[in-house]
Amino acid sequence: MLLGVIADDFTGATDIAGFLVENGMRTIQVNGIPSANTEINADAVVVSLKSRSCPTEQAIEQSVAALKWLQAQGCKQFYFKYCSTFDSTAKGNIGPVTDALLDVLGEDFTIVCPALPVNGRTVFNGHLFVLGQLLSESGMRNHPVTPMTNSNLMDLMDAQSKGKTGLINYQSIEQGADAIIGEFAELKAQGKRYAVVDAFTAEHLNEIGKAVSSLKLVTGGSGLAAGIAKNWGEHLQDQTQAKQAGHPAKAPTIIFSGSCSVMTNKQVELYKAKAPFFALDIEQCMSNENYVNVLFDWVVSHANESLAPIVYATADAEKLKTIQQQYGAEASSQAVETLFSLLAIKLQDFGIRNFIVAGGETSGVVTQSLKVDSFHIGPQIAPGVPWVKAINQDLSLALKSGNFGDENFFTTAQGYF
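Residue numbers (the working numbering): 1 to 417.
Hints listed in this document are in silico derivations from the structure and should not be mistaken for laboratory results.
Where a beta carbon is used, it is the ideal one built from N, C-alpha and C, also for glycine.
A portion of the hints provided could be inaccurate.
[Said to hold, decoys possible] Label pairs and their calculated CB-CB ranges: (1) Glu318 with Thr38: 43 to 51 Å; (2) Gly233 with Asn293: 47 to 55 Å; (3) Gly351 with Ile181: 49 to 57 Å; (4) Lys272 with Gln175: 45 to 53 Å; (5) Asp406 with Ala331: 32 to 40 Å; (6) Thr38 with Lys162: 27 to 35 Å.
[Stated by the list, open to error] In the EDC-like style, the derived pairs of lysine to aspartate or glutamate whose C-alpha atoms are separated by at most 20 Å in a straight line are: (7) Lys216 with Asp103; (8) Lys371 with Glu337; (9) Lys68 with Asp373; (10) Lys164 with Glu186; (11) Lys162 with Asp103; (12) Lys162 with Asp108; (13) Lys68 with Asp108; (14) Lys164 with Asp103; (15) Lys68 with Asp103; (16) Lys68 with Glu57.
Build the full structure now, drawing on both the sequences and the hints.
Structure below.
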């Protein structure tokens with residue numbers, strides 16, 4: 001095993017796993033930390049956790065445990081994968097987890113690279129942009145769990161970690177890997193523990209990928225995965241069989257949408273115009289124990305239509321604010337996730353075999369509820385969103401981060417059957 005990835009949520013895990021497979025690495029995703037006797041034959045393993053917004057101590061504990069398991073598998077390099085919009089708060093969890101991983105590895109330096117240009121996430125002069133807008137001016141400023149109101153990655157990292165952060169700007173990046181390595185040495189000499197790296201093209205990421213080949217730990221979004229995979233070229237084999245193992249079959253399908261991101265709102269609205277849809281009633285989720293049966297009956301009644309039915313809690317920023325004020329942010333979110341969990345189990349028992357899920361939290365809940373512990377990685381529906389197929393049962397999933405995919409994503413995903 002060459003590369004061990006620790007991802008802070010489920011959709012983030014499939015995101016990076018898809019890029020690794022596309023760039024030649026035989027990749028398996030495991031949900032949570034496998035038992036000691038689990039045997040995995042792969043070039044890379046992605047361990048998906050649910051540590052993005054949990055208490056910091058819990059995130060550190062889970063991440064360090066994942067690192068130690070990956071070390072035991074013989075991994076040569078480690079990758080802490082977080083969201084390309086740097087989802088975090090002033091207290092973490094990105095900074096504290098990075099510090100803990102560095103300490104366990106006995107290292108004192110790493111990079112911060114959330115860039116994913118193919119999906120419009122770019123870093124310029126240390127500031128993170130989303131589709132040309134500063135992060136703080138994008139839809140992420142209204143995120144219900146981790147509202148992002150500062151775009152300066154150095155400020156964000158310094159606020160939640162124990163070291164100091166430097167910048168390697170685009171002029172140095174464009175000089176290539178050797179220049180970047182020189183900048184690493186300069187920042188380390190200045191006592192910097194982390195280097196934010198500018199990146200707004202795929203070539204930037206390729207050069208950064210070359211430069212980090214000697215770093216024990218790298219941190220970032222999924223964009224850097226392509227560059228890192230290329231470092232292992234001489235060790236890699238043909239991926240045709242591996243990709244086919246993750247291909248979904250034509251079977252009954254359901255769509256769940258729990259994300260309230262700007263793009264998911266657009267995707268849901270477009271899909272509603274051509275497929276059966278059911279909008280969750282938050283009050284019913286919280287008070288009606290029979291509500292899951294109502295939803296189950298509705299889905300079953302539409303299971304044989306040409307396009308899969310969608311059940312959604314997706315709402316725009318104004319409606320979401322009203323819901324949170326009326327029912328409480330945590331209570332309403334928990335009620336929705338519980339409903340999706342119960343419904344997923346009932347639908348699997350009924351015979352649904354393909355689940356398309358929008359939203360990181362919802363994806364985690366659904367995957368855990370269906371008792372899927374590991375995946376083969378299949379074809380990418382959109383950059384960062386592959387189909388995945390359970391290793392231990394007849395089940396395929398497409399797990400989408402909120403803002404990923406174009407407006408036709410839900411229809412496009414069903415074109416692979």
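Going down the list of hints, with the structure as the test:
no., hint, in the structure
1, Glu318 with Thr38: 43 to 51 Å, "holds (46 Å)"
2, Gly233 with Asn293: 47 to 55 Å, "holds (53 Å)"
3, Gly351 with Ile181: 49 to 57 Å, "holds (54 Å)"
4, Lys272 with Gln175: 45 to 53 Å, "holds (49 Å)"
5, Asp406 with Ala331: 32 to 40 Å, "holds (33 Å)"
6, Thr38 with Lys162: 27 to 35 Å, "holds (33 Å)"
7, Lys216 with Asp103, "holds (11 Å)"
8, Lys371 with Glu337, "holds (16 Å)"
9, Lys68 with Asp373, "holds (18 Å)"
10, Lys164 with Glu186, "holds (14 Å)"
11, Lys162 with Asp103, "holds (11 Å)"
12, Lys162 with Asp108, "holds (11 Å)"
13, Lys68 with Asp108, "holds (18 Å)"
14, Lys164 with Asp103, "holds (15 Å)"
15, Lys68 with Asp103, "holds (12 Å)"
16, Lys68 with Glu57, "holds (17 Å)"
Hint compliance for this structure: no hint is broken.
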